[in-house]
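**Student:** Sequence:
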Amino acid sequence: MGIQDNSDRQTSISRTQRRWLLLTGGLLIIITIIVLLLTSEKTRELGERILSPIDLLPLPDTPEIYDIQGYPAASERVFSRFLKQEENQKRFAKLKNFLRINEVDHVVAPFELLRQGSDWQDLGEPPFAIPPTENWGSMIYTLRALQREIVPIIGPVTVVSGWRTTSYNSKAGGSKGSKHLRFCGLDIVPQKNFTREQLVPVLRDIHKRNGKQWDMGLGIYKGIRFHVDTCGYRRW
Numbered sequence: 001m002g003i004q005d006n007s008d009r010q011t012s013i014s015r016t017q018r019r020w021l022l023l024t025g026g027l028l029i030i031i032t033i034i035v036l037l038l039t040s041e042k043t044r045e046l047g048e049r050i051l052s053p054i055d056l057l058p059l060p061d062t063p064e065i066y067d068i069q070g071y072p073a074a075s076e077r078v079f080s081r082f083l084k085q086e087e088n089q090k091r092f093a094k095l096k097n098f099l100r101i102n103e104v105d106h107v108v109a110p111f112e113l114l115r116q117g118s119d120w121q122d123l124g125e126p127p128f129a130i131p132p133t134e135n136w137g138s139m140i141y142t143l144r145a146l147q148r149e150i151v152p153i154i155g156p157v158t159v160v161s162g163w164r165t166t167s168y169n170s171k172a173g174g175s176k177g178s179k180h181l182r183f184c185g186l187d188i189v190p191q192k193n194f195t196r197e198q199l200v201p202v203l204r205d206i207h208k209r210n211g212k213q214w215d216m217g218l219g220i221y222k223g224i225r226f227h228v229d230t231c232g233y234r235r236w
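Take 1 as the starting number for the sequence shown in the UniProt record's numbering and just add one per residue.
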C-alpha cells in the first residue's frame with residue numbers, strides 16, 4: 001500500500017513538472033515571437049530610412065544657391081533645412097527607398113527631383129516640395145528614359161525643376177496640364193559643356209528614334225535647358 005502511494009506521488013510530481021515545463025516552454029516561445037516581431041519592425045523602419053550625407057552632415061561650406069548653367073538652384077544646404085520641417089525627412093526617406101527598389105536612385109541626385117524651379121525666390125515659394133505617394137510611379141519611367149536614352153549620349157544631367165505644387169506652377173505661369181504637377185516631367189541641363197547648336201540636334205535625334213516607345217515629351221527651351229517626361233509623345 002505504501003509502495004502504491006509513493007508511486008502515485010511520483011506520478012503526480014512528474015505530471016506537475018511536465019505542466020511547468022510546458023508552461024515555461026510556451027512562455028519562452030511567446031517571448032521569442034514578440035522579440036522577433038519587434039526586431040523585424042525596427043529593421044523595416046531602418047530599411048525605409050536610408051540616410052544620405054545630406055541627412056547626416058552639416059554643410060557649412062556649401063552655398064545656399066548654385067549657378068547651374070545660368071540657372072539659380074537651391075543647394076543641399078537649403079535642402080537639409082527643408083528636411084527638418086514637419087515629416088519631410090521621413091517622407092523623403094520613403095521616396096528614396098522607392099527609387100532604390102526601382103533601380104533609378106542614381107540617375108540624378110534624389111533631392112534634385114524635389115526642386116520646384118529656378119525662380120522660387122521671385123515667386124515667394126519654397127524651393128523644394130515632396131509629391132504625394134500616388135505620383136511617385138510616374139517619375140520611375142521618366143528616370144528610366146533618362147538613364148537609357150539620354151545620359152549615355154550627353155552624359156550626366158542636373159535637375160533644375162522637378163515636382164511642382166499647384167501654387168508654384170500657377171505663379172510661374174505653368175500650364176494647368178503641366179507634367180511637373182504629376183511628378184512626370186523634369187527640366188534639366190547637361191553637366192558637360194554643350195552649346196545649344198551641339199545639344200539640340202542630339203536631343204531631337206533621340207526623340208525621333210526612341211521617343212514613341214517611351215511616350216516621351218521633349219521640350220527645348222532657350223540655352224541648353226530642356227524638358228523630358230514620359231506622359232505623352234510630343235515635342236516643342
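One or more hints might be untrue.
To be verified - In silico lysine to any residue, SDA-like type, Cα no more than 25 Å apart, as pairs:
#, residue 1, residue 2
1, K94, S75
2, K212, K96
3, K192, K171
4, K96, G155
5, K171, K96
6, K94, D67
7, K208, T133
8, K171, K94
9, K212, K171
10, K192, L181
11, K96, D122
12, K222, R81
13, K212, R144
14, K84, G70
15, K84, Q69
These are calculated hints, taken from the structure and not from any lab test.
**Student:** So if I understand the rule, the pair passes when the alpha-carbon distance is 25 Å or less; does K171 with K96 pass?
**Tutor:** Violated, at roughly 28 Å.
**Student:** For a C-alpha distance cap of 25 Å, please report whether K212 and R144 respect it.
**Tutor:** holds (14 Å)
**Student:** Given the proposed pairing of K94 with S75, does the C-alpha separation stay at or below 25 Å?
**Tutor:** The hint holds at about 21 Å.
**Student:** Just to be careful, I want the Cα atoms of K94 and D67 compared with a cutoff of 25 Å; is the pair within it?
**Tutor:** violated (29 Å)
**Student:** Run the distance test for K96 versus G155: straight-line Cα separation, threshold 25 Å.
**Tutor:** holds (22 Å)
**Student:** Between K84 and G70, does the CA-CA distance stay at or below 25 Å?
**Tutor:** violated (29 Å)
**Student:** Are the Cα positions of K96 and D122 separated by 25 Å at most?
**Tutor:** violated (29 Å)
**Student:** Holds or violated: are the alpha carbons of K208 and T133 at most 25 Å from each other?
**Tutor:** With a Cα-Cα distance of about 32 Å, the restraint between K208 and T133 is violated, given a limit of 25 Å.
**Student:** K192 and K171: Cα distance at most 25 Å?
**Tutor:** violated (31 Å)
**Student:** Mind checking the alpha carbons of K222 and R81 for me, to see if they're no more than 25 Å apart?
**Tutor:** Violated - the C-alpha atoms of R81 and K222 are around 32 Å apart, more than 25 Å.
**Student:** Going straight from one Cα to the other, do K192 and L181 come out at no more than 25 Å?
**Tutor:** violated (28 Å)
**Student:** Need the status of pair K212, K96: alpha-carbon distance at most 25 Å?
**Tutor:** violated (28 Å)
Hints 2, 3, 5, 6, 7, 8, 9, 10, 11, 12, 14 and 15, counting from the list given before, are not met by this structure.
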